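A.B. asks: These protein sequence lines map, in sequence, to chains A and B. Counting from 28, one number per residue, gives the positions in the first sequence under our numbering. Counting from 131, one number per residue, gives the positions in the second sequence under our numbering.
No wet-lab data here; the hints were simulated from the structure. Source: prediction; values computed, not measured. Each residue gets a CB set at the ideal place from its N, CA and C atoms; glycine is no exception. Among the hints, erroneous ones may be present.
Claimed, not checked - Mimicking DSS-like on lysine-lysine, the simulated pairs with C-alpha atoms at most 30 Å apart in a straight line are:
#1 A:LYS601 with B:LYS140
#2 A:LYS221 with B:LYS151
#3 A:LYS495 with A:LYS506
#4 B:LYS162 with A:LYS82
#5 A:LYS150 with A:LYS601
#6 A:LYS562 with B:LYS162
#7 A:LYS31 with A:LYS221
#8 A:LYS46 with A:LYS82
Stated by the list, open to error - Far from chain B by the CB rule (all over 10 Å, computed), these chain A residues:
#9 PRO152
#10 ILE248
#11 GLU266
#12 LYS301
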Amino acid sequence: MLIKTLRMENFRQFKGTTKVDFSCDPERNVTIILGDNTFGKTTLLQAFNWCFYGKVNFDQHPDFLLNYEVSGEMRNGDQQIVEVEVTVVHDGTEYVITRTQRYNCAGNNVRGEKVPNIKVSYKQPDGQTESVKAVQVENVINNILPEDLSTYFFFDTERVSSISTRKDVAEAVKGLLGLSIMDSAIRHLGERSKSSTVIGKLYSSMDLDGDAKAQEALNRIQTAEAKRTALAEQLADCESQINQYDARKEQLDAILRDNQTTATLQKKKDDLEKRIVLERRALSEATTMYFKEFSAGSLAFFAQPLLKTASAFLKEVKVDDKGIRDLTKPTIIELIQRGRCVCGQEICEGNDAYKHLMEELAYVPPESIGNTVRHYREKLASFSRPADRTYASLDQRYREILRSKNRIQEWEDEMQVISDQIKGKANMRQYEVELADIRTRLRDLHTKKDRINRDDGVQKGDIDRYKKVYDSLTAVSEKNRQAMEIIAYAETIREWLTETYKEKELTIREDLEAKVNEIFEKMYHGHRRVAIDSKYHVELLTTIADKEIAAGESEGSNRVKNFAFIAGLVALAKGKIVTDKSEDGINLSSEPYPLVMDAPFSNADETHTANISKVLPEIAEQVIMFVMQKDWNYAEPVMNDRVGNRYHLNKLSETHTKLN
Amino acid sequence: MSNEQSTQEKRINAMKYKILKAEQENLKTREKTTEQMVETIRRIITDEAKKNY
Chain A
28 MLIKTLRMEN FRQFKGTTKV DFSCDPERNV TIILGDNTFG KTTLLQAFNW CFYGKVNFDQ
88 HPDFLLNYEV SGEMRNGDQQ IVEVEVTVVH DGTEYVITRT QRYNCAGNNV RGEKVPNIKV
148 SYKQPDGQTE SVKAVQVENV INNILPEDLS TYFFFDTERV SSISTRKDVA EAVKGLLGLS
208 IMDSAIRHLG ERSKSSTVIG KLYSSMDLDG DAKAQEALNR IQTAEAKRTA LAEQLADCES
268 QINQYDARKE QLDAILRDNQ TTATLQKKKD DLEKRIVLER RALSEATTMY FKEFSAGSLA
328 FFAQPLLKTA SAFLKEVKVD DKGIRDLTKP TIIELIQRGR CVCGQEICEG NDAYKHLMEE
388 LAYVPPESIG NTVRHYREKL ASFSRPADRT YASLDQRYRE ILRSKNRIQE WEDEMQVISD
448 QIKGKANMRQ YEVELADIRT RLRDLHTKKD RINRDDGVQK GDIDRYKKVY DSLTAVSEKN
508 RQAMEIIAYA ETIREWLTET YKEKELTIRE DLEAKVNEIF EKMYHGHRRV AIDSKYHVEL
568 LTTIADKEIA AGESEGSNRV KNFAFIAGLV ALAKGKIVTD KSEDGINLSS EPYPLVMDAP
628 FSNADETHTA NISKVLPEIA EQVIMFVMQK DWNYAEPVMN DRVGNRYHLN KLSETHTKLN
Chain B
131 MSNEQSTQEK RINAMKYKIL KAEQENLKTR EKTTEQMVET IRRIITDEAK KNY
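Working from the sequences, and respecting the hints, build out all of it.
C.D. replies: If you want it as structure tokens, here you go:
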């Protein structure tokens with residue numbers, strides 16, 4: 028950027044129109060504006076700041092820019108303007124930046140409009156002037172000179188004591204030397220965990236879940252297809268068996284149909300066999316019972332004639348049966364000897380109990396057998412009673428035995444007849460059993476076939492369903508593949524930027540330190556060295572006994588240090604800064620900037636002033652200085668040859684300065 | 131170097147150049163917000179990835 032002109036209307040003490048043409052000649056690239064303190068040097072610098080960014084830095088009434096004399100002459104209803112117009116050449120195009128603020132007088136009070144008007148126009152290649160759209164004005168100005176870098180180029184020497192220790196110096200250095208470009212790109216590319224960055228957004232756009240679902244759907248399809256294959260094999264096997272059994276069943280049906288008589292006879296024979304087995308069992312039981320009953324009742328049965336004779340005889344015998352049954356003489360004697368009856372009655376000779384017992388002796392053997400006879404008759408009746416049923420029972424059993432034997436004989440004869448009839452013919456029974464078995468197997472096989480078909484239907488349904496899922500997710504998967512490809516590119520670039528940034532950052536700091544030292548040596552007449560730390564803070568070092576220590580800084584050395592630092596920055600920025608030295612290296616260089624300096628030599632001695640004056644025009648594209656005459660006296664001998672334009676500030680009053 | 135590798139390299143170089151130019155421009159103008167720059171870079175990469183060199 029080169030500054031061609033500055034035009035001011037009523038800006039602070041510059042009453043009326045003030046115009047400055049700055050030298051853009053590369054050989055005579057210095058414009059000097061001479062003026063003593065309070066003549067308006069700082070106002071000139073602030074005019075640039077106000078024009079570009081709408082900001083000023085005045086100690087008194089910073090919000091009131093209108094010339095006091097003009098303001099004082101205003102009457103109610105009058106309107107005046109403050110305007111600053113700067114013409115610059117940037118990137119080969121001439122821009123005119125104009126900022127205007129209207130001031131109105133009302134109630135004997137002059138006030139400026141709150142929002143000044145800003146316009147930017149530029150000359151097209153055909154010479155036509157084109158206005159920049161209002162919304163783009165700020166962007167265009169920042170494109171010409173970023174505001175955050177402006178204080179390094181619109182440099183207020185007296186107000187900025189040490190530019191090299193400012194907090195924003197690192198950002199400024201990075202901005203000027205191209206590092207901010209990479210830094211910003213790295214931040215925008217970002218990383219996966221930062222969802223608002225390029226890489227974070229790309230990862231977020233991927234449907235990772237979709238991929239897993241697609242794979243799962245594919246697995247399910249493959250599994251279902253494998254199951255269908257297995258089911259098809261089972262079905263084929265099942266149908267093969269059904270066919271075989273169906274064929275055998277037809278054969279058996281035909282055999283049985285053709286041999287129905289034989290089958291009937293066979294069945295009858297089988298039936299007779301079963302009946303004979305049952306009848307033999309009944310015969311065996313009846314025979315067993317017959318002998319059991321005979322054993323139990325035969326004695327009584329065969330003793331009946333003798334017993335009947337004895338019974339008839341005893342009927343004729345008269346017996347006394349007054350005695351107590353089974354009572355014996357020894358029993359009575361023992362009771363008498365004990366002296367007490369079983370009922371507890373005392374027995375003693377002569378008492379009633381004794382008498383009764385003595386009487387009872389007369390009715391028991393051996394004195395009397397009446398009781399014994401009576402008992403025998405009772406037992407005889409009891410013994411003879413079962414004999415009455417023995418005969419009938421044995422007769423019944425015997426009849427049963429005979430009946431069973433007859434039946435068995437009869438059925439065996441019948442079986443023999445049947446056997447003779449079916450002799451030499453196939454056993455239909457075995458065919459019937461086989462047919463029944465085949466029917467059962469066929470029923471089971473048809474059940475199995477139905478189940479296989481149902482399972483196959485389920486698998487087929489699954490396949491259709493998961494194919495739809497897979498097809499829908501395949502589109503997602505393709506999108507993911509594309510996203511992954513973009514992510515790979517983004518991550519490659521970020522890695523490259525990160526590496527390059529580290530390398531360039533180190534190189535630039537080393538280069539800057541070397542350049543600042545080179546310039547510092549030219550400017551400073553002493554033995555000090557400049558050290559630049561990782562935050563781009565600058566320190567002066569001096570060597571004592573082979574050891575470098577921080578040197579105390581005077582106003583003068585500090586001033587030289589600041590100039591050396593800025594000059595070093597400008598010198599590096601002027602050079603081509605590329606990402607790497609290959610043919611693909613990308614240019615990160617910024618636009619060369621002019622140095623606009625207010626009172627650059629204040630607090631510098633004559634040697635430093637002369638040195639600074641020599642170095643700055645060699646390094647910067649354009650130098651604009653607002654200098655006191657006394658300082659200029661030291662600078663002029665070395666700088667005069669580089670001065671293209673020269674102005675003097677003529678202070679007419681405290682509120683009116685003219686530029687000549 | 132295979133054609134594919136060469137193409138990849140050309141794409142990446144084009145991406146680097148365009149991204150840095152976009153950043154350089156925006157650092158001067160501050161025209162685009164962070165979100166817009168992220169989208170600009172994403173578009174640069176996406177568009178360049180589709181190109182055949």
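A.B. asks: Now tell me if each hint is right for this structure.
C.D. replies: Okay, the hints, checked on the actual structure:
Restraint check for LYS601 (chain A) and LYS140 (chain B): the C-alpha separation of about 29 Å stays at or below 30 Å, so the hint holds. Restraint check for LYS221 (chain A) and LYS151 (chain B): satisfied, since their Cα atoms lie roughly 23 Å apart, inside the 30 Å limit. Proximity of LYS495 (chain A) to LYS506 (chain A) is assessed by CA-CA distance (about 18 Å); at most 30 Å being required, the pair is judged to hold. With a C-alpha separation of about 23 Å, the suggested pair LYS162 (chain B) and LYS82 (chain A) falls inside the 30 Å cut-off, and the hint holds.
Note on LYS150 (chain A) and LYS601 (chain A): the hinted pairing holds, with a Cα-Cα distance of about 25 Å set against a maximum of 30 Å. Note on LYS562 (chain A) and LYS162 (chain B): the hinted pairing holds, with a Cα-Cα distance of about 28 Å set against a maximum of 30 Å. Taking the CA atoms of LYS31 (chain A) and LYS221 (chain A), the gap is about 46 Å. The hint is violated against a cut of 30 Å. Using a Cα cut-off of 30 Å, the hinted pair LYS46 (chain A) and LYS82 (chain A) holds, with the two alpha carbons roughly 20 Å apart.
With a closest Cβ-Cβ approach of about 20 Å to chain B, PRO152 (chain A) is found to remain outside the 10 Å limit, as its non-interface label requires. The beta carbon of ILE248 (chain A) is kept farther than 10 Å from every beta carbon of chain B, the shortest such distance being approximately 32 Å. Here GLU266 (chain A) stays apart from chain B, with its beta-carbon at least about 55 Å from theirs, past the 10 Å limit. At roughly 92 Å from the closest C-beta of chain B, the C-beta of LYS301 (chain A) stays outside 10 Å, upholding its exclusion from the interface.
Hint compliance for this structure: hint 7 alone is broken.
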